[in-house]
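Visitor: Okay, here's what each chain looks like letter by letter:
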Amino acid sequence: MTDIFDLMAEKSGFKDESKYGLSGDLKKTQYVLELIGSPADPDTLKCIITAAEQGMEMNCYSMVTDAVSNLDECIAKFSPFSITPCLKEADFYACGSDAITSFTDARGLGYALTPRNAALAAMQNYWVDIAVTNVAPHVNLIVNEVFTKKYSEPSYDSDMQVVNACCEDLKIFFDALDQQLQENKFIVCDKYTWADLHWTAYVHLCEITGCNSLIDERKNVKDWFNRIKTKKSQCGQDEVAYDMLPNADETLQGRLKSVVISDY
Amino acid sequence: MGLFKKSKQQVSETPKLLCQSGDAGSYKCVFLASYRKLPVDIEWQESSALDEKMSESLNMSGLQRFPCIQDGDFTICGTNAVLTYLNIKGRSPTIHPRKARVLAMQQYWIQVLTSKFVPLLNEFSTNKKDIASVLEIFDKNLEDKNYIVGEFSLADIHWSAEFKVLEKEGHSDIISSCKNITNWLTKIKAEIPGYDIKNEEVAA
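If you're matching them up, the sequences are chains A and B in order.
Each residue of the first sequence is one higher than the one before, starting from 2 at the first, in my numbering.
Each residue of the second sequence is one higher than the one before, starting from 2 at the first, in my numbering.
Some clues are possibly wrong.
Unchecked claim - Result set (DSS-like, lysine-lysine): computed pairs, CA atoms no more than 27 Å apart in a straight line:
{"#": "1", "chain 1": "B", "residue 1": "Lys100", "chain 2": "A", "residue 2": "Lys78"}
{"#": "2", "chain 1": "A", "residue 1": "Lys192", "chain 2": "B", "residue 2": "Lys100"}
{"#": "3", "chain 1": "A", "residue 1": "Lys172", "chain 2": "A", "residue 2": "Lys12"}
Hints are computed from structural coordinates only; laboratory data are not their basis.
Predicted model, so just to flag it, every value in this text is computed and none were measured.
Bound conformation, chain A alone:
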């Protein structure tokens, strides 16, 4: 039976024999990762950032532009709860952003993102919790209006009342982040942690959906986000993880960029 990753690779153009990354190929000491996800999904973005931060090449297939007819059915074969995004490495499958990011972090070439100090690690997860529990529901509603609904109905007009209400609800959390960033270069300390990675996905989506006032009106958040946009990857390679994220146009078109590490 044909693997869904192979089918989507073919549709996205990755099946071209000249391209590196076909199942089992090795570059340096690693397998190339393959990811199925969506550009409007913050969880997919987290997986892409982690791969880029840890210097892991990742061929990304979009559930919007590279979808095949029985996609859900195929995904259910290795993800019985239909949890996405999904990752394949050789004969191994992992589903869900927590599984994929942990796997990539452990497999990657850089230092692990979790601080060794108990208090800092706990603080990191406090801010991850705020992002995932409090920020994500509002961002998902905005993204749904601005991008996701347009995937199935291109003429759909975003309901700006929903978008504006969500932006309003997000202010309190962006204010808190702004306050937290007063004394630190990154969210928890002067080192990049999972907290920064999670927030990057949500703040990026806020920016490309037109909610940039949430960033621009808060100096510390704005400075932090500029640092994120120019920060060299965690593994020391000359790559900027943020550059691997799809921009507004690409997201609207449903396209995902693959993580390509050229600095070996």
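Take the given structure of chain A and dock chain B to it, following the hints.
Guide: Just chain B, lined up with the frame of chain A:
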């Protein structure tokens, strides 16, 4: 003062773990502290004044998160933050799979719990059929395994805490037909000394 003599301020107090009865997150932290044999004083509370204080300092309010840990001048609230703290603190080895694939499976089963199983529990009787479907897959995963991902992991802590809540709410019969889950839970109960704890401290 002698060279190695601790001053009064340096004598560390037992960390305080503030929990809420019936809260799965609180049980997760109690189980982890107990499994790792970390001495903590447990206090059971109704509302999270400590989280309110912490959130207020960031101009957020009403988050009301449990559990919280207070260790000297360090305070943190929320299940994942406290679990992380308890998993790093102390001398016993952290519960963290070394193999990337096992680690990924640990995280996968935790996500299945939080995103697919727990939301169904809000309306238990309406969702009984869907709950049984999730448990059926979970039961199948436990076939020929001692633990959820093969070795003891945080996934076991997360799932067993949720079953503790189900037991407390009188829904323990939901797993009666799941042979593998029943066997696994019996094993977990025996291995986590704090599984049946109601209050007071988890002894070192």
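Visitor: Is the straight-line distance between the alpha-carbon of A/Lys172 and that of A/Lys12 27 Å or less?
Guide: violated, 40 Å
Visitor: Take a quick look at whether B/Lys100 and A/Lys78 sit within 27 Å of each other, Cα to Cα.
Guide: Roughly 24 Å separates the two Cα atoms, so the pair holds.
Visitor: Between A/Lys192 and B/Lys100, is the straight-line Cα distance small enough, at 27 Å or below?
Guide: holds, 25 Å
When each numbered hint is compared with the structure, a violation occurs for hint 3 only.
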